[in-house]
Amino acid sequence: MASGVMPRRTALGALLRPVVLWGMPGAIVLVVAILAGVAIGETPLPFSMVAAVIANNLWGAGYDVNLIDAGIIWSYRLPRTLVAAACGAGLALSGVVLQALVRNALADPYLLGVSAGASTGAVAVTILGLGGGMIGISGGAFAGAVLAFVLVAALARAAGGGSAQLVLAGVAGSQLFNAITSFLIAKSANAEQARGIMFWLLGNLSGVRWPDVWLAVPMAGSGFLVCLMFVRSMDAFSFGASAAASLGVSVRQVQVMLIGMATLMTATMVSLVGSIGFVGLVIPHAMRFVVGPRHARLIPASALAGAIFLIAADVVSRVLIPGQVIPIGVVTALVGAPGFALILIYNRRRL
Amino acid sequence: MRLSATSLGWTAGARQIVSDVTVDIAPGETFGLIGPNGSGKSTLLRLMAGLVPRGKGSVMLNNDPLAKLPRQEVARRIAFVEQQVETSDALSVRDVVELGRTPWLSALAPFGMSDAEIVRDALDAVGMADRMAQGWSTLSGGERQRVQIARALAQRPRVLLLDEPTNHLDIHHQLALLRLISRLPVTVILALHDLNQAMDCDRLGVMEGGHLIACGPPAKVLTPERLATIFRVRATTLRDPADNATLFRFHCLEE
Chain A
0 MASGVMPRRT ALGALLRPVV LWGMPGAIVL VVAILAGVAI GETPLPFSMV AAVIANNLWG
60 AGYDVNLIDA GIIWSYRLPR TLVAAACGAG LALSGVVLQA LVRNALADPY LLGVSAGAST
120 GAVAVTILGL GGGMIGISGG AFAGAVLAFV LVAALARAAG GGSAQLVLAG VAGSQLFNAI
180 TSFLIAKSAN AEQARGIMFW LLGNLSGVRW PDVWLAVPMA GSGFLVCLMF VRSMDAFSFG
240 ASAAASLGVS VRQVQVMLIG MATLMTATMV SLVGSIGFVG LVIPHAMRFV VGPRHARLIP
300 ASALAGAIFL IAADVVSRVL IPGQVIPIGV VTALVGAPGF ALILIYNRRR L
Chain B
0 MRLSATSLGW TAGARQIVSD VTVDIAPGET FGLIGPNGSG KSTLLRLMAG LVPRGKGSVM
60 LNNDPLAKLP RQEVARRIAF VEQQVETSDA LSVRDVVELG RTPWLSALAP FGMSDAEIVR
120 DALDAVGMAD RMAQGWSTLS GGERQRVQIA RALAQRPRVL LLDEPTNHLD IHHQLALLRL
180 ISRLPVTVIL ALHDLNQAMD CDRLGVMEGG HLIACGPPAK VLTPERLATI FRVRATTLRD
240 PADNATLFRF HCLEE
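Residue numbers (numbering that gives the first Met the number 0), protein chains in the order written: chain A, 0 to 350; chain B, 0 to 254.
Okay, chain A solo, but in the shape it has when bound:
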């Protein structure tokens, strides 16, 4: 056994070392990505001006900047970029959690009916006028997402509670809610409403303002912390739930905590920006190739990669066709699928 004097220092060192070694560079990369996301756009703005506007607003630095440019940066591009980063990180984390606990490579944040429920909720609010204008499209989507998840979880539990049951219950729930959405659109939506819903379903960041930031960023941040607390438990699921139990993991407790957290995160993101696909499914797989399957690395790497990926996708969606914004969900798949194909081919020997 180790002597009694050393462990305190070594334990603290073992805790701090990865934070300094990986956390700091990761944070720097994230900040650079956010600045780049703000600077690049239809009207390119220099980095120095972006920094000046942020300094003005954060601690009243008093730099002299063009008011219109300052408005674009502070009220439009910065919140949008921050929400993109939070959504990317949140969706990627949800993907890692579900893939780890459900033991299924196809698991993504929308596996448990969250996105289908959100779309039904959004449609119910916009077309049926549910809530009488008291709750917006986001509120409706969030309620729908949570309702769908609760139904799926209850069904999975009634069916025995295994991970196969969870996946199948998720399929059933998603189909049901997608059908309700389609039914409502076909029955009562006019062309304009249908187009609006379609656009929302594919993901749309153009309506994002500061209040959304105060929802998305703390959500992603707390989700990240919860995931970090459970990295060893997620590792222990490598050989299945029973092996995790024999390694001392309180399986039921961890599942409820992590899946609940992932769902809450996904529901929040979907209700703010629509159901952006691809990020939650593919970023975790891509990061597994880069940093390996251990969650102590996979969790931070996926959060960072998801954030950067969605910032980049948002930039592309703004600048690809001048004067027109492409739904970000289209960009994530258009850019992401070929990128993932390259990773798959490059790593074929490791599989």
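It should be emphasised that the hints constitute simulated quantities derived from the structure, not laboratory data. Beta carbons are placed, not taken as given, at the ideal position from N, Cα and C, and that holds for glycine. Treat the hints with care, as some may be off.
[Said to hold, decoys possible] One side of the interface only, derived from the structure: several residues of chain A facing chain B at Cβ under 8 Å: (1) Gly40; (2) Glu41; (3) Ala104; (4) Gly138; (5) Gln192; (6) Met228; (7) Arg231; (8) Phe238; (9) Gly239; (10) Ser241; (11) Ala244; (12) Ser245; (13) Gly247; (14) Ser249; (15) Gly291; (16) Pro292.
[Stated by the list, open to error] Okay, the calculated bits of chain B under chain A, using three or more residues with CB under 8 Å as the criterion: (17) 67-80; (18) 96-104.
Given the coordinates of chain A, assemble chain B onto it according to the supplied hints.
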């Protein structure tokens, strides 16, 4: 560590897989479970490890009821090696064995030098120390078995439960494993098929149809009548002139 099981039972649908098994296993004892296929050996082991939801009966570890202990505390005392486990993750041998340290680690007690040493010792014990960096998916069945046993050793348990650990192993590693187990200062309960290997246990329990029908020293338990009725073989005893050990040669009994 003493493990006492009282009237353990488990039912799958209408089928009684294990019924009313009571057994007391002394600290440091090597206890072999034998019985034909489907006699309930694996389920009994899982019940003893506290891994079966809604199992009947109770297990005591020394003076603590297993059901009352937190999962982490159980995993510090009991390690379990299942017959076959699979993963789709691209884990290395070292990753798998490091999983054995899970019950000893927390956010404030991260993986440290002493843990790395325990992992290396465990891999040494099963002769896989030079394969640390190799991928789990590239291992053969026997190598996987040995890595899982190393994982269980890395848990530093006081009770080791092994479900047919010699399966898939070549003869050298079968004997090496049994020797390793007999030298460990822990309580070992293992399911076995090879009755000659079972002879080396301190005590044997015979399972049939979910019941523990006999329990005692190997020579007392493995009587010709029992071999005929339970295992449906006729055994002739031979004596090895090298060390005077008794061993069986089996002949199939027709229905």
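We went through each hint and held it up to the structure:
1. Gly40: violated, 39 Å
2. Glu41: violated, 42 Å
3. Ala104: Hint on A/Ala104: holds, closest Cβ of chain B at ~7 Å, below 8 Å.
4. Gly138: violated, 35 Å
5. Gln192: violated, 43 Å
6. Met228: This interface hint holds because 6 Å falls under the 8 Å limit.
7. Arg231: holds, 5 Å
8. Phe238: holds, 4 Å
9. Gly239: holds, 7 Å
10. Ser241: holds, 6 Å
11. Ala244: Cβ of A/Ala244 sits 6 Å from chain B, so the hint holds.
12. Ser245: Hint on A/Ser245: holds, closest Cβ of chain B at ~4 Å, below 8 Å.
13. Gly247: Cβ of A/Gly247 sits 3 Å from chain B, so the hint holds.
14. Ser249: Holds, because the Cβ-Cβ distance from A/Ser249 to chain B comes to roughly 5 Å (cut-off 8 Å).
15. Gly291: holds, 7 Å
16. Pro292: This interface hint holds because 4 Å falls under the 8 Å limit.
17. 67-80: With 10 residues in contact (Cβ-Cβ under 8 Å with chain A), the coverage given for the segment 67-80 of chain B holds.
18. 96-104: holds (count 5)
Hints 1, 2, 4 and 5 from the list above are not met by this structure, while the remaining hints are.
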